[in-house]
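Peer 1: Turn these sequences into a full structure, and let the hints steer you where they fit.
There are 2 protein chains.
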Amino acid sequence: MAALEFYYDVVSPYTYLAATRVEQIGAQAGLPVVWRPFLLGAVFKATGNAPPALVRARGAYMLRDLGRWSAKMDEPFRFPSAFPINSLLAQRCLTATPDAERPALSLALMRAYWADNQDLSDVDVLAALVGPDRIAAAQTPENKAALRLVTEEAVQRGAFGSPTFFVGGEMFFGNDRMDFVLDAAQRAAAT
Amino acid sequence: MAALEFYYDVVSPYTYLAATRVEQIGAQAGLPVVWRPFLLGAVFKATGNAPPALVRARGAYMLRDLGRWSAKMDEPFRFPSAFPINSLLAQRCLTATPDAERPALSLALMRAYWADNQDLSDVDVLAALVGPDRIAAAQTPENKAALRLVTEEAVQRGAFGSPTFFVGGEMFFGNDRMDFVLDAAQRAAAT
Numbered sequence: 166m167a168a169l170e171f172y173y174d175v176v177s178p179y180t181y182l183a184a185t186r187v188e189q190i191g192a193q194a195g196l197p198v199v200w201r202p203f204l205l206g207a208v209f210k211a212t213g214n215a216p217p218a219l220v221r222a223r224g225a226y227m228l229r230d231l232g233r234w235s236a237k238m239d240e241p242f243r244f245p246s247a248f249p250i251n252s253l254l255a256q257r258c259l260t261a262t263p264d265a266e267r268p269a270l271s272l273a274l275m276r277a278y279w280a281d282n283q284d285l286s287d288v289d290v291l292a293a294l295v296g297p298d299r300i301a302a303a304q305t306p307e308n309k310a311a312l313r314l315v316t317e318e319a320v321q322r323g324a325f326g327s328p329t330f331f332v333g334g335e336m337f338f339g340n341d342r343m344d345f346v347l348d349a350a351q352r353a354a355a356t
Numbered sequence: 166m167a168a169l170e171f172y173y174d175v176v177s178p179y180t181y182l183a184a185t186r187v188e189q190i191g192a193q194a195g196l197p198v199v200w201r202p203f204l205l206g207a208v209f210k211a212t213g214n215a216p217p218a219l220v221r222a223r224g225a226y227m228l229r230d231l232g233r234w235s236a237k238m239d240e241p242f243r244f245p246s247a248f249p250i251n252s253l254l255a256q257r258c259l260t261a262t263p264d265a266e267r268p269a270l271s272l273a274l275m276r277a278y279w280a281d282n283q284d285l286s287d288v289d290v291l292a293a294l295v296g297p298d299r300i301a302a303a304q305t306p307e308n309k310a311a312l313r314l315v316t317e318e319a320v321q322r323g324a325f326g327s328p329t330f331f332v333g334g335e336m337f338f339g340n341d342r343m344d345f346v347l348d349a350a351q352r353a354a355a356t
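Chains D and S supply the protein sequences, listed in that same order.
Taking the numbering used here, the leading residue of the first sequence gets 166, the next gets one more, and so forth.
Taking the numbering used here, the leading residue of the second sequence gets 166, the next gets one more, and so forth.
Just so you know, these hints were derived from the structure itself, not from any lab.
By construction, the Cβ of each residue, glycine as well, lies at the ideal position given by its N, Cα and C atoms.
Honestly, I wouldn't trust all of these hints.
A few chain D positions that, by computed beta-carbon distances, are all more than 10 angstroms from chain S [said to hold, decoys possible]:
(1) A167
(2) A168
(3) G206
(4) F242
(5) D284
(6) E317
(7) R352
List time: in silico DSS-like cross-link candidates among lysine-lysine, alpha-carbon distance up to 25 angstroms [claimed, not checked]:
(8) D:K309 to D:K210
(9) D:K210 to S:K210
(10) D:K237 to S:K237
(11) S:K309 to S:K210
Peer 2: What follows is the structure, given as structure tokens:
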């Protein structure tokens, strides 16, 4: 069955905004959403891509742009004190989370970072959000390998940033392409 | 009086798409559009920004994305054989063009490059489109300085790419932010 695949890393602000409505897009099209945590830093390294905010003028503009999006979408947004952070442990925790719980926990982590200024690279902060058992599960060799595999697969499919969506063979990048994602999802659901 | 300022370089495909509807946005809001040709290469150099297609995976995706936009907007689009090109002489020609003729000539140049595969870095191609007198006018020291000034001004105001829009003090980047541009233009027209 067709699905809407959502590759994401909590470290990206546009990904947070996209995550708040990806289930709505899936529901509107009648496609299940598959949440695939991956590691953005490794995607950048593999593709030679870089965070836009490294260019100072882009970074300044991004703050304004994020404010416009959060106002338009009516989502709470507060740029965190610590940015960027190392999202490795957070992404491993999401990888170790059962499928059925992953969307809600992913959103909880992103809201903690992007609305409540909680530093997800701090293991104590993270443990309070996901529980100590999940931290332990995150650090098994099997789980580490699973996150690596999803990340490598995303790069092989053409991903270079977060959020990245797939509907069948069609790839889409960015919170600002979710209209295209919806179109493709509706076409896929109709076939 | 408030205006919608449009900084653009013909070398950018998303700029072409934006240019086909910027006048419609201005008309919808009731604001005049001021067309400001600038030199994207100089903006990149000044800001440290780089063309997205330099990252191979981004470049491949950009082609798909441009196809989606041109289909959505119902604008003819054909990726040119020569890309990127040196747009310096073309931008100088547009600088040397009287205000009243600039929008139409700018669109003509962008359609020639982005729909009809005409290499605007070729002086003969360009002369056939703008006329030999305009080529001569483009190359005066005063006109060269005028293009440099507009480019430097854009960078000072925060621009890092093309297309860039200003409505009062608010800056917007990209064809995919024209909904925000329209909102801001309508607010500016109402005050």
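Peer 1: All hints, please: hold or fail.
Peer 2: To see whether the hints hold, each was checked on the structure:
1. The non-interface label for A167 (chain D) is consistent with chain S: the shortest C-beta to C-beta separation is roughly 18 angstroms, beyond 10 angstroms.
2. No beta-carbon of chain S comes within 10 angstroms of the beta-carbon of A168 (chain D); the shortest separation is about 19 angstroms.
3. Residue placement check: G206 (chain D) keeps its beta carbon more than 10 angstroms from all beta carbons of chain S (closest about 15 angstroms).
4. Non-interface status of F242 (chain D) relative to chain S is upheld: no Cβ of that chain comes within 10 angstroms, the nearest being about 15 angstroms off.
5. Residue-level check passed: D284 (chain D) sits 28 angstroms from the nearest beta carbon of chain S, beyond 10 angstroms.
6. Residue-level check passed: E317 (chain D) sits 13 angstroms from the nearest beta carbon of chain S, beyond 10 angstroms.
7. Remark: the non-interface label on R352 (chain D) is consistent with the geometry, its nearest Cβ contact in chain S lying 12 angstroms away (cut-off 10 angstroms).
8. A threshold of 25 angstroms between alpha carbons decides the hint, and for K309 (chain D) with K210 (chain D) the separation of about 18 angstroms falls inside it, so the pair holds.
9. At roughly 23 angstroms between alpha-carbon atoms, K210 (chain D) and K210 (chain S) fall within 25 angstroms of each other, so this suggested pair holds.
10. Taking the CA atoms of K237 (chain D) and K237 (chain S), the gap is about 22 angstroms. The hint holds against a cut of 25 angstroms.
11. Between the alpha carbons of K309 (chain S) and K210 (chain S) the distance comes to roughly 18 angstroms, so the proposed pair stays at or under 25 angstroms and holds.
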